[in-house]
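Student: Once you've looked at the hints, dock chain B against the given chain A.
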Amino acid sequence: MKSSNDRNKPMNSGSDDAWLARPSTIRLLWWVFAVVLAVSVAVQLMFKVKGYFGVDGWLGFGAVYGFLACLAMVLFARLLGWFLKRNEDYYQERDRD
Amino acid sequence: MIDFLPPALILLLGALLIGPTRGALRTAVVLITPLLTLAAVWQVPDGVSLTLQFLQYPIEPIEGSPVRRLFATIFALMAFGGGLYAYRQARWFELAAAYAYAAGAIGVCFAGDLISLFLFWELMALFSTVVVWCGGTPGARAAGIRYAVMHLLGGVILKVGIEGVMVHTGSIEVRPMLADSFDHWMILVGILINAAAPPLSAWLSDAYPRSSPTGSVFLSAFTTKTAVLALILLFPGEPVLIGIGLFMVMYGIIYALLENDIRRILAFSIVNQVGFMVCAIGIGTQMAINGASAHAFAHIIYKALLFMSAGVVVYRTGKNRCSDVGGLFRTMPLTAVCGIIGALAISGFPLTSGFTTKTMISQAAANEGLVWVYFLLAAASAGVFLHAGIKFPWFVFFQRDSGLRPKDAPWNMAVAMVFFSVLCILFGVAPQLLYAYLPYPVEYEAYTASKVVFYLQLLLFSGLAFFLLLPLMKRTETISLDMDWLWRVAMPHSANWLQGLLTGLWQALNARLSQLGRYLSRRGRHYFGSQSEGGRQIHGVFARAWPIGTTALWIALLLTVYVFFYYLA
Chain A
1 MKSSNDRNKP
11 MNSGSDDAWL
21 ARPSTIRLLW
31 WVFAVVLAVS
41 VAVQLMFKVK
51 GYFGVDGWLG
61 FGAVYGFLAC
71 LAMVLFARLL
81 GWFLKRNEDY
91 YQERDRD
Chain B
1001 MIDFLPPALI
1011 LLLGALLIGP
1021 TRGALRTAVV
1031 LITPLLTLAA
1041 VWQVPDGVSL
1051 TLQFLQYPIE
1061 PIEGSPVRRL
1071 FATIFALMAF
1081 GGGLYAYRQA
1091 RWFELAAAYA
1101 YAAGAIGVCF
1111 AGDLISLFLF
1121 WELMALFSTV
1131 VVWCGGTPGA
1141 RAAGIRYAVM
1151 HLLGGVILKV
1161 GIEGVMVHTG
1171 SIEVRPMLAD
1181 SFDHWMILVG
1191 ILINAAAPPL
1201 SAWLSDAYPR
1211 SSPTGSVFLS
1221 AFTTKTAVLA
1231 LILLFPGEPV
1241 LIGIGLFMVM
1251 YGIIYALLEN
1261 DIRRILAFSI
1271 VNQVGFMVCA
1281 IGIGTQMAIN
1291 GASAHAFAHI
1301 IYKALLFMSA
1311 GVVVYRTGKN
1321 RCSDVGGLFR
1331 TMPLTAVCGI
1341 IGALAISGFP
1351 LTSGFTTKTM
1361 ISQAAANEGL
1371 VWVYFLLAAA
1381 SAGVFLHAGI
1391 KFPWFVFFQR
1401 DSGLRPKDAP
1411 WNMAVAMVFF
1421 SVLCILFGVA
1431 PQLLYAYLPY
1441 PVEYEAYTAS
1451 KVVFYLQLLL
1461 FSGLAFFLLL
1471 PLMKRTETIS
1481 LDMDWLWRVA
1491 MPHSANWLQG
1501 LLTGLWQALN
1511 ARLSQLGRYL
1521 SRRGRHYFGS
1531 QSEGGRQIHG
1541 VFARAWPIGT
1551 TALWIALLLT
1561 VYVFFYYLA
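Protein chains in written order, with my numbering: chain A, 1 to 97; chain B, 1001 to 1569.
Bear in mind the hints are in silico, worked out from the structure with no lab data behind them. Everything numeric in this text was worked out from a predicted model, so none of it was measured. In this text, a Cβ means the ideal position worked out from N, Cα and C, and glycines have one as well. One or more of the hints may lead you astray.
Mimicking DSS-like on lysine-lysine, the simulated pairs with C-alpha atoms at most 30 Å apart in a straight line are [as the list claims (entries may be wrong)]:
no.: 1; chain 1: B; residue 1: K1407; chain 2: B; residue 2: K1474
no.: 2; chain 1: B; residue 1: K1319; chain 2: A; residue 2: K85
no.: 3; chain 1: B; residue 1: K1407; chain 2: A; residue 2: K85
Label-pair ranges, simulated between beta-carbon atoms [said to hold, decoys possible]:
no.: 4; chain 1: B; residue 1: P1239; chain 2: A; residue 2: V55; range: 20 to 28 Å
no.: 5; chain 1: B; residue 1: R1475; chain 2: A; residue 2: F53; range: 33 to 41 Å
no.: 6; chain 1: A; residue 1: F53; chain 2: B; residue 2: P1441; range: 45 to 53 Å
So here's chain A without its partners, still in its complex pose (with noise of 0.2 Å):
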């Protein structure tokens, strides 16, 4: 969380007085997010999600769910990089041949 919250940071955090990039306000960010997870886990205590099968009626199952499903996406994204990725003139050069 410490890094992302390093990101936010614009590169000219000093001079910077558009109050969605100040730290201040990116921290309450943070803050109104985790309150808005918790909330998004805990309403299901009063509405019960109906699984379709079984498992995705459990407690927390979307949130747990979506989490991990994204994990995976971006960590299999990351592999197929090292395959995939080349230079942004790979093709020119080519095309200069």
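Tutor: Just chain B now, kept in the frame of chain A:
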């Protein structure tokens, strides 16, 4: 006869009029013809309205049905929104080509037979290529040629299938079929090439981002979605489409995650979204076909909105890469907000059109007990939020401060974006407006507590994953190899290698031949030639001047032999 003008014809006339008109008149043509087309679309009654005769085949260029009208409606709306967005910035020939392209798409919507479908299909291929070329860069020219080759190839394959069906069944009607014969497979493959299905999907991410900022808005809408309509009309319930759709969904996400070009991220997400529709068509139930149609309708709006937002960024900054922009929300608040609305809609957030349409497809999968399909689609929904829902707005409008302070969108672009943003939310909060026009009666409730909670969890925790995994998604100034590597690199290289091999063989053969030639010429000189040596002519054996007596002797000898054998016989 018919008592209304064919919708495609109106738009085609509009396209023709854009060139000769000027100023306010041209603006009127650009803005009014799509609306006239829309009015005409709603005049088309159910069933065949017009039959012509061509080579003993009944040509039915106008056949109405709810699903055809639905697609034609969104295409006409798209032409209007795109025209509004582009008319002050795009050159006239780009607008004209885009309108002719849209006319082709609307023509396909109402094509009642395979021949007119094919003609409008090729009209689209032709004018979409021109739109790609309007990008104006050497890259756009090259990508346009690759795009044209791919679509002409797809057209030929489609034509082979159509010819086969004509010969084997004698009927050219557009009617549901399954991929159970060579002819049907050819038709399916021809359509799937336009749907950007694997393995021939690279044309989309290659060509669309190279068009102009206004051109990509038009390109995002028509080709792939006419392919979706063609699949709905021709191959509903074809099981192979489920697998193809799921592959497209995942392919789009993974490649978009690797991508740095702003508009190419969106191009990959077209493949991803069309994958949802193709999968639904494969499921083939009434709910699934409704889902595919509704999703196509909603998708055209929010994808065009995303391309509009990205187009404004490219237009104002001249930069195409995520790694070159960032922090643009400061001076482009409207573009950012509209982009975020499009991003939320594509992710299927509740209260947006993506939620009320995409969940219908998941519901159809659940109703059929397709466990894998249901869970993969749910994972893909999370992935959509990851690659398009957050990645696009985050890297373009937030991220770091790139120091760029471009102006916000020109007013016409802004109005078009606001218009499409409103539609995204309208169909999210009042889905009945769309459900009423779907091909089958809708018995579906999008806003149940269960669905809302499930998708909110899914999406919000995908958002958490995005921000936690940001270090793993650092933008690199790279491209990703795709299947087109085969014909852009491997094929030329193999051709070069083969050419080298053939040249070597030819040279070796040539060397042998010239050796033989030298030998023959030496022997020839020996027998027939003559040369001077030391002032004296030396003649070859047959070139010497023999005394006449020798000849007479030989003739006498031959005659003797002849007489001898004559009497002997």
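Student: It remains to establish, for every hint, whether it holds in the given structure.
Tutor: Do the hints match the structure? See the list:
At roughly 27 Å between alpha-carbon atoms, B:K1407 and B:K1474 fall within 30 Å of each other, so this suggested pair holds. Pair hint B:K1319 plus A:K85 holds up; C-alpha atoms about 21 Å apart against a cutoff of 30 Å. Pair hint B:K1407 plus A:K85 does not hold up; C-alpha atoms about 33 Å apart against a cutoff of 30 Å. Distance hint check: the CB atoms of B:P1239 and A:V55 are about 25 Å apart, consistent with the given range 20 to 28 Å.
Taking 33 to 41 Å as the suggested C-beta distance range, the pair B:R1475 and A:F53 conforms, at roughly 37 Å. Between A:F53 and B:P1441 the Cβ separation comes to about 26 Å, which falls outside the hinted range of 45 to 53 Å.
The structure shown violates the earlier hints numbered 3, 6.
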